[in-house]
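2 protein chains.
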Amino acid sequence: MRELFQQELSEVQERLVDLSSTVTEIMEKASAAFLNSDVKKADEAIALSEINEERALLIDEMAIRILTKQAPVARDLRVLVAALRISASLERMGALAGHIATIARFRYPESAVPKSLVKTFTEMGQLDVALGKKLSKLLKNTDLDLARTIQAEDARVDELHRSVFETVLSPKWKENALHTVDVTLASRYHERFADHVVDISAKVAYLTTGEWSEIDS
Amino acid sequence: MRELFQQELSEVQERLVDLSSTVTEIMEKASAAFLNSDVKKADEAIALSEINEERALLIDEMAIRILTKQAPVARDLRVLVAALRISASLERMGALAGHIATIARFRYPESAVPKSLVKTFTEMGQLDVALGKKLSKLLKNTDLDLARTIQAEDARVDELHRSVFETVLSPKWKENALHTVDVTLASRYHERFADHVVDISAKVAYLTTGEWSEIDS
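Chains as they are written, first to last, in the working numbering: chain A, 1 to 217; chain B, 1 to 217.
Read the hints as simulated data drawn from the structure, not as lab findings.
Computed from a predicted model, the values in this text were never measured in an experiment.
Built from N, CA and C at the ideal position, the CB exists for glycine as well.
Accuracy of the hints is not assured; some may be wrong.
Examples of chain A residues lying across from chain B (beta carbon under 7 Å, computed) [unchecked claim]:
#1 L67
#2 T68
#3 V73
#4 V168
#5 L169
#6 P171
#7 V181
#8 T184
Lysine-lysine pairs mimicking DSBU-like chemistry, simulated, CA-CA at most 35 Å apart [claimed, not checked]:
#9 K115/A x K172/B
#10 K134/B x K174/A
#11 K119/B x K174/A
#12 K119/A x K133/A
#13 K119/A x K174/B
#14 K137/B x K69/B
#15 K69/B x K133/B
#16 K69/B x K134/B
#17 K115/A x K172/A
#18 K115/A x K134/B
#19 K172/B x K172/A
#20 K69/B x K174/A
#21 K140/A x K69/B
#22 K40/A x K137/A
#23 K119/B x K174/B
#24 K69/A x K172/A
#25 K115/B x K40/B
#26 K40/B x K119/B
#27 K69/A x K137/B
#28 K172/A x K115/B
#29 K133/A x K115/A
#30 K69/A x K69/B
#31 K119/B x K140/B
#32 K40/B x K119/A
#33 K174/A x K174/B
#34 K137/B x K40/A
#35 K140/A x K119/A
#36 K172/A x K40/B
#37 K115/B x K115/A
#38 K172/A x K134/B
#39 K119/B x K134/B
#40 K115/B x K174/B
Chain A extracted, bound-state conformation:
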């Protein structure tokens, strides 16, 4: 019974790792689509985000089935509850990246990103992708140092998010309302994506240390 349980738990973990890879791939495609008006990548990102949603639901069902069948206690239980929350975050991350692709899709053949913000959104996209990759690693092997570098990178994303508003609200900003709406939402989606990575890493750290305060700030 115990062995079967561990096997099932490993499968949930593997699927979460897979999901985080898919989410990173969606963000990679969405960022490229957004920066280069690449409609093919946008469509791929949107299609993947739909698949991602279904897969997240499947993990939920699997975790609930294990909970029902095995009635685990203590740490095992905490792991499964954390898995449910992590899959919810991964589902949202895929949706957020999908929204960025949708903006690119709607503006095509024009670009959604004004020149003055190309550098900022390039860095934001790279950071989100890097965060996604670190998240996969973290879900594979808990590593508290990694959880800490994740927090530092999220802080940089927040900084870039604020800088988008500074650009948009400066007297130099001459773009039309469409651009203003696009970059406001795209910046928010990038920032929320990174937030979810931090949330998940806090949950992983919690499972390891039993202390929320250890990493969740």
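For chain A, the structure is supplied; the task is to place chain B on it using the hints.
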């Protein structure tokens, strides 16, 4: 044992109902703050959203403690897992309403809402508050008809959300970038708030019918 468990379960439910009332109150204050540049209400909403976050975490801890101690199976287990998800949604709803209040706070003494959108945001705020009240009722007593009216009201919020973009992107829109950013984000926050109500009502319906397809569309 069974009796104690039911008692604990009722307490979780009561706390979720309380949380949904708080969330509704935050939205009520945030909407008033946003529409009337009422800085006092904005501060109250922001303070309440912080309290709301702490309370949501307390419910999570309580649900996990029950799961650990009682190792419930079947329906009881599903109820507790649903409670965890519902509290996560309620926490986000409080944060979203808090963000609306923060926009009002930042723009004070000026108004964040241009005249052309006062009517739209008034209706959006009213709908979100009405949805919050229905949610409290639904969490108190499961009622599938109520879950369906919730979906209809959410559809209206989505419609208003789209109409904000139509207004902002029409040639008549002469407001500055600051207003464009404010109304874009505020509209998104109102829309996400309503989305969470629909998510929760789908979970409640699921607990009742055992079928996601019954209400979750």
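Does T184/A hold up as a contact with chain B if the rule is Cβ-Cβ below 7 Å? OK, holds: T184/A within 7 Å of chain B, min 5 Å.
For a C-alpha distance cap of 35 Å, please report whether K115/B and K115/A respect it. 31 Å, holds
Starting from K115/A, check that the Cα of K172/B is at most 35 Å away, please. Since the Cα atoms of K115/A and K172/B sit roughly 25 Å apart, the hinted pair holds (cutoff 35 Å).
Hint check: is the beta carbon of V73/A less than 7 Å from a beta carbon of chain B? Result: holds, 6 Å to nearest chain B Cβ.
Is K140/A within 35 Å of K69/B, Cα to Cα? Judged against 35 Å, a Cα distance of about 29 Å means the pair holds.
Check the hint pairing K172/B with K172/A against an upper bound of 35 Å on the C-alpha distance. Given pair K172/B, K172/A holds - Cα atoms ~22 Å apart, limit 35 Å.
Holds or violated: K69/A to K137/B, with C-alpha atoms at most 35 Å apart: 32 Å, holds
For the pair supplied as a hint, K172/A and K134/B, confirm whether the alpha-carbon distance does not exceed 35 Å. 46 Å, violated
Is the Cα-Cα distance between K134/B and K174/A 35 Å or less? Distance ~44 Å between K134/B and K174/A Cα, so the pair is violated.
Hinted pair K115/B and K174/B, Cα distance within 35 Å: 11 Å, holds
For the hint on P171/A, just tell me whether its beta-carbon gets within less than 7 Å of chain B. Where the cut-off is 7 Å and the nearest Cβ of chain B is about 10 Å from P171/A, the hint is violated.
Take the C-alpha atoms of K69/A and K69/B, compute the straight-line distance between them, and say whether it is at most 35 Å. 17 Å, holds
Violated hints for the displayed structure, listed by number in ascending order: 6, 10, 18, 20, 24, 32, 34 and 38.
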